[in-house]
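**Student:** Quick mapping for you: the protein sequence lines, in order, are chains A and B. The C-terminal position of the first sequence is numbered 516 in the working numbering, with every residue numbered one higher than the one before it. The C-terminal position of the second sequence is numbered 180 in the working numbering, with every residue numbered one higher than the one before it.
No lab work stands behind these hints, which were simulated from the structure alone. Treat each hint with caution, since some may be false.
If we take Cβ atoms under 8 Å as the criterion, some of the chain A residues that face chain B in the derived model are [as the list claims (entries may be wrong)]:
no. : residue
1   : R33
2   : L235
3   : E239
4   : A241
5   : E273
6   : I276
7   : V316
8   : S337
9   : V361
10  : I363
Beta carbons are placed, not taken as given, at the ideal position from N, Cα and C, and that holds for glycine.
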Amino acid sequence: MPIRTITDKQYKGVSELYRKSDGEVTGYYVTYRDIDGKPIKKRVDAATRDEALLKLKEIKQEIDLEKQGKTMSAPIPEPLEIILPEENEVEKPSKAVKNSTSDHKKIISEHKDVAIVSLLDIVAFDDINILYGYEAGIRIVHMMQNLIADTLNKMDADGLFAKNGIAALSYEIFHVHEDRLCLFIKNDFKHRLLDAIIKQLITKISKYKFSVSDESHIHLNVTFGATKADGADSLIYAEKALKEAKRSHNSYIFHDSTSRNTNNEHLVHKVYEVLIDNIKEEKVTPHFQGIFDVENQTVPYKFESLMRLKDKEGRVLSPAVFMEKSKEYRLYTQLMSQMIDKVFDVMEKNDVAMTLNLSYVDINNPELCDNLISRVKKMKIGKRLTVEIVESEQIEDIDMINEFIFSLKKLGVLIAIDDFGSGFSNFDNIVKLDVDYVKLDGSLVSKIHDEKYRIILENMVKICRDLGIKTIAEYISDESILDLAKSIGVDYLQGHHLHKPAQWDSVVEKFDLIVV
Amino acid sequence: MHNEDIMNKESTMDLNELRNSMHLLRKQLFSDDITECKNRLWLLKEKLNNNETFNDFGYMVSIRISDYDKIVEEYDANVGNRLLKQVSDYIIRFMKGNHLNFEIVRYVEDNFLILMYDLSEDEVAEHIVNMENGMSNYKFKHRSRMFQLTCQSAVMQYIEHESFSSVLDELDQKLFENAM
């Protein structure tokens, strides 16, 4: 039976195979070009034309990836063949353009003099791959390389570098991977000159028309992270700069490496050692701070458990020292598991109510959550436990959080939201999440003497009261803050003025608690 | 209202205004010109006796920013000043966040002196370790420039009538040893 090409443009590359007399389609063929550009027609296992189209897309993606791998491993790029639109006036690519993925680390680390290392990522490059295909993505990266080389060459020809005391500009551009390029300038630029160059490159790139087909073009933005250093560390500093630029949504960040040989790396390494030591030696130490009913400030209504670590000298380290690093080193979950165990041990031995802080990262961790729920169930401590959701501004999947909340609520656990009002961004959360308490953000409470902040806090308390949610004012650091917090109608109080966080033994002693 | 009452009220208002002006002037006189810290004059006039001995007791912490000179050389004094402000803001925020009883002075260039009260030596050491380590995680920024600064520190207890210069000398020696 004949193979019939589908005329609908949407199904370009898909053909139907007729075998039965009633015209029922019994198979599909797809047409594409292989890695060498040779046309291929192939039977695919598909029940519908949509399924066949999907198979064709998968095949094309595989070919694109193969091509990408082939191109990236090639020592000298073929992108020189790319025909760039005339209106962009990009000249033939410079020899400085390299596609090698492995050489750049070696070349940069072996370079003995001060040099500039700049990494750049194309903003939302995934979208380009998805919408225009991998082939277009690769083409765009090559265009970008050529555009940068051309811009630098033009600056050189215009005498910009000579005017700034650079006799001969020497640089290389590497395609590191996917959408990442590395611009390695083997000259020692003054920082203002580097700023000016990168700003010009950013402008040039944002104005450039990157062609995605014969008829259309797109505009792109890039993020630069740069540093000036010698030796192997420079790539790491550039990496840090790029990470920060992306995090802070800046198009360019320069990481200073002037003080790189001093004790920053040493301190960071020491923190890593502390993390490992605390995990191995099970030294995670919960501290507890009382939360008081406004009507009774002598005995806490419940206690907030706070994670602390100990260094080798036995000094207590606060979360500002280790929290971010523990997440970066992917050691946080192990610390948190220890923390939960130790807090629950205290709850088992003492008839007290506790709050346990969980972040979005914790709630996203099925093992940690399952362990928590099963222990709460087994120990029957649900009615004495409040889970405090911290960093709630990071919550993206409300349904997932609610699912977790309801599984806890079935066990009698209460839910609190921490830092309510910080950045004024989490109002939505108290409506969408089934919470029992909100903790007013400490930075707002600390400014309660300022009438404007007091009005904001008072209204936040009112909103919570109307929604049936109790409020806790943190950061009660003196009598005047305490009085003002009471005057705006908060339900509970917490802060150094009432009780400083301490280990459980000290808490028992201070409040004369009875240990079971 | 009698004339006398009016005159009394006016003089009280004048006195209050004068007090406020004095307070403001004093604040300006004892404030560092770059940071939110107090200046050397404050140290001399408020913390020391006429013979340059301490008029109270506590702990003095000397803090220096690592490679501050190199940074000023590489960039310029303006960038250096911005960083001094950011570092001192960080220290003040840390101290206030931990509800500590303290005073901070920018003594010279990048050398800050922190006077801490109502704490034991171990507590001071613990707070300083936390402050230093926290600072290494902190990103100081000036325009599109990012700095990961660290500091060197040394702690000394001081008592009433002890010579300021001898405490400072010992702190400098400790800083030097710590840097080694």
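**Student:** Taking the hints in turn, state whether each one holds.
**Tutor:** Each hint, compared with the structure:
Checking R33(A) against chain B: minimum C-beta separation of about 44 Å lies over 8 Å; hint violated. The restraint placing L235(A) at the interface with chain B is violated, with a minimum CB-CB distance near 16 Å, outside the 8 Å limit. Checking E239(A) against chain B: minimum C-beta separation of about 12 Å lies over 8 Å; hint violated. Against a cut-off of 8 Å between C-beta atoms, the interface hint on A241(A) holds, since the closest Cβ of chain B lies about 6 Å away.
Because the beta carbon of E273(A) sits about 12 Å from the nearest beta carbon in chain B, more than 8 Å, this interface hint is broken. Against a cut-off of 8 Å between C-beta atoms, the interface hint on I276(A) is violated, since the closest Cβ of chain B lies about 15 Å away. Here the hint on V316(A) is kept, as its CB sits about 6 Å from the closest CB of chain B, short of 8 Å. With a cut of 8 Å, the hint placing S337(A) at the interface with chain B is violated, because the nearest CB-to-CB distance is about 23 Å.
Annotation: V361(A) was flagged as interfacial toward chain B, and the flag is violated, the nearest CB pair being 17 Å apart, outside 8 Å. Interface hint at I363(A): violated, since its Cβ lies 24 Å from the closest Cβ of chain B, which is beyond the 8 Å cut-off.
Of the numbered hints stated above, those contradicted by the structure are hints 1, 2, 3, 5, 6, 8, 9, 10, listed in ascending order.
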